[in-house]
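Trainee: What follows is the residue order along each chain.
2 protein chains.
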Amino acid sequence: MTAHVFDQAIELTASGDGQFSGATSPAYANMVGPFGGITAATVLNAVLQHPALLGEPLSLTVNFCAALADGAFAVSAQPVRTNRSTQHWVVAVTQTGASGEDETVVTASVVTAARRSTWSVDDEPMPVVPSPAEVPPYAAPSPVEWIRRYAMRPVEGQIPHTWDGRTSDSLTRLWMRDAVPRALDLCGLAALADVFFPRIWLRRATRVPAGTVSMTVYFHAGAAQLAEVGHGWVLGQARAQAFRNGFFDQAALLWSETGHLLCSSHQVVYYKE
Amino acid sequence: MTAHVFDQAIELTASGDGQFSGATSPAYANMVGPFGGITAATVLNAVLQHPALLGEPLSLTVNFCAALADGAFAVSAQPVRTNRSTQHWVVAVTQTGASGEDETVVTASVVTAARRSTWSVDDEPMPVVPSPAEVPPYAAPSPVEWIRRYAMRPVEGQIPHTWDGRTSDSLTRLWMRDAVPRALDLCGLAALADVFFPRIWLRRATRVPAGTVSMTVYFHAGAAQLAEVGHGWVLGQARAQAFRNGFFDQAALLWSETGHLLCSSHQVVYYKE
Chain A
641 MTAHVFDQAI ELTASGDGQF SGATSPAYAN MVGPFGGITA ATVLNAVLQH
691 PALLGEPLSL TVNFCAALAD GAFAVSAQPV RTNRSTQHWV VAVTQTGASG
741 EDETVVTASV VTAARRSTWS VDDEPMPVVP SPAEVPPYAA PSPVEWIRRY
791 AMRPVEGQIP HTWDGRTSDS LTRLWMRDAV PRALDLCGLA ALADVFFPRI
841 WLRRATRVPA GTVSMTVYFH AGAAQLAEVG HGWVLGQARA QAFRNGFFDQ
891 AALLWSETGH LLCSSHQVVY YKE
Chain B
641 MTAHVFDQAI ELTASGDGQF SGATSPAYAN MVGPFGGITA ATVLNAVLQH
691 PALLGEPLSL TVNFCAALAD GAFAVSAQPV RTNRSTQHWV VAVTQTGASG
741 EDETVVTASV VTAARRSTWS VDDEPMPVVP SPAEVPPYAA PSPVEWIRRY
791 AMRPVEGQIP HTWDGRTSDS LTRLWMRDAV PRALDLCGLA ALADVFFPRI
841 WLRRATRVPA GTVSMTVYFH AGAAQLAEVG HGWVLGQARA QAFRNGFFDQ
891 AALLWSETGH LLCSSHQVVY YKE
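Those sequence lines, one after another, are chains A and B. The first sequence begins at 641 in our numbering and counts up one residue at a time. The second sequence begins at 641 in our numbering and counts up one residue at a time.
FYI, nobody ran anything at the bench for these hints, they're computed from the structure. Quick reminder that beta carbons are idealized off the backbone N, C-alpha and C, glycines included. Incorrect hints may have been included.
Unchecked claim - Coverage of chain B stretches by chain A, computed from C-beta distances (three or more under 8 Å per stretch; other residues unrestricted):
1) 670 to 679
2) 902 to 911
Claimed, not checked - Label-pair restraints from in silico Cβ distances:
3) B:Asp804 x A:Pro666: 30 to 40 Å
4) A:Gly656 x B:Ala707: 29 to 39 Å
5) B:Gln648 x A:Asp804: 51 to 61 Å
6) B:Trp803 x A:Thr736: 51 to 61 Å
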């Protein structure tokens with residue numbers, strides 16, 4: 641059986657001491673370099689494959705220092721502090737630059753934690769939206785390859801049909817999952833948190849260059865809860881809070897179809913003009 | 641003239657090559673170790689003092705690996721990638737442990753950026769609240785020292801008066817500033833983003849042990865805009881989105897009194913029970 645295209649894309653070969661090698665996947669190509677979500681998932685995958693790992697991901701921050709060049713990259717994942725219930729990881733992705741020297745293309749940090757059964761409650765109920773079966777798929781022709789890896793059913797705030805510069809709010813809600821079914825897991829969730837197109841396109845109905853600079857995911861669900869989602873849909877919601885001098889922030893929430901908040905996520909995004 | 645107590649607390653001595661030494665300040669002591677906000681400000685201060693710095697802070701992520709012990713610490717701040725408009729920093733705080741070896745107590749990443757004048761808009765208008773002059777100061781006796789460093793005027797969602805286990809929502813809004821006036825700057829703003837008491841205390845009216853594991857600040861304001869705030873009040877708003885298996889997340893927004901969104905901030909917080 642051939643591995644799922646997502647698993648092929650995040651595949652890493654361990655060479656010991658927290659060093660891994662991987663390669664970009666044409667299937668997840670973005671305008672320049674790979675889809676940020678697949679890079680975030682790859683970073684997380686390095687930690688999940690590390691033999692010293694304790695617990696499950698709680699927090700993931702990925703800083704995109706430069707677009708990855710097509711081809712090979714190296715990942716270093718180091719546990720710098722292990723406590724009774726949390727473990728702190730420092731991760732870097734490097735590539736050999738034109739000069740022949742290693743260049744840092746991603747820095748990241750991951751916190752993993754032993755989750756205990758405690759008093760728990762969701763304070764962000766899933767918005768009332770039509771079910772995935774009631775929403776037509778997103779069918780616009782896509783200029784980039786990675787979009788075709790996802791099934792998307794936009795509920796509101798989809799990419800503008802006409803780039804007429806009319807301002808609107810920046811809220812998007814959509815059902816999403818892998819186009820070729822794949823059981824949801826932690827790496828899959830990290831990637832989904834970056835699926836939203838740039839808020840500035842929606843807010844201004846103007847297609848300006850934009851790219852994520854830093855993103856963070858706080859995992860509320862563990863592997864067991866994600867397994868319950870299986871091949872099901874995930875409802876994603878994203879909105880911006882401020883656009884200022886070339887950068888905007890995005891606050892995102894992702895729920896299972898049964899209404900459990902799976903993660904919250906934030907990012908700060910560069911935009912031109 | 642003696643330096644402000646905040647500036648004393650975040651003071652660092654550079655020894656070259658991105659290495660700095662500092663010491664915890666009793667004035668910002670928390671239950672165990674220092675107030676997380678002062679540590680976040682110290683991390684940022686190392687980057688701001690680095691001779692290679694380009695641009696202004698855009699993003700700051702601080703992972704609290706362990707409580708800092710009272711006394712000396714070392715900060716390492718390294719620019720790992722410098723682009724045309726962004727610069728990526730990796731920061732670590734270490735202390736000499738009981739065994740005599742250096743132990744990592746904080747990992748952090750900072751992105752600085754050259755901000756350009758672009759189309760800009762705030763999508764999170766400041767909530768309509770009474771002015772600071774109309775709100776009585778928070779006068780409850782505080783068990784920890786750092787709280788006395790801030791003037792706080794809670795508008796809604798203050799620390800419960802009675803710990804009766806009654807659940808409520810987790811929203812707090814308060815006016816805040818340094819108790820001894822200090823002109824707002826980037827380090828001061830980073831610290832203010834962590835002033836909110838643990839959301840679990842408000843949500844459950846139950847005082848359980850809690851501590852920030854990771855926090856991120858996205859700066860919408862630069863030094864010039866913060867200078868306009870001067871000694872003025874900042875309106876802070878914080879709420880949790882989910883409490884799950886020992887950890888909750890917090891989404892926070894901070895506005896100037898004139899209604900400009902200064903930063904958005906997020907954190908994930910450990911809680912017991």
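Trainee: Given the hint of 51 to 61 Å, check if B:Trp803 and A:Thr736 actually sit that far apart at their C-beta atoms.
Mentor: holds (58 Å)
Trainee: Could you say whether the range 30 to 40 Å given as a hint is met by the Cβ separation of B:Asp804 and A:Pro666?
Mentor: At roughly 59 Å between Cβ atoms, A:Pro666 and B:Asp804 fall outside 30 to 40 Å, so the hint is violated.
Trainee: Are there three or more residues in the segment 670 to 679 of chain B whose C-beta lies within less than 8 Å of some C-beta in chain A?
Mentor: Coverage by chain A is violated here, the residue count being 0 at a Cβ distance below 8 Å.
Trainee: Within the assertion that chain A covers the segment 902 to 911 of chain B, do at least three residues meet a Cβ-to-Cβ distance smaller than 8 Å?
Mentor: Check passed, 5 qualifying residues.
Trainee: For A:Gly656 and B:Ala707, compare the CB-CB distance with the range 29 to 39 Å and indicate the outcome.
Mentor: holds (32 Å)
Trainee: Given a hinted range of 51 to 61 Å, is it respected by the beta-carbon distance of B:Gln648 and A:Asp804?
Mentor: holds (55 Å)
Hint violations for this structure: numbers 1, 3, all remaining hints satisfied.
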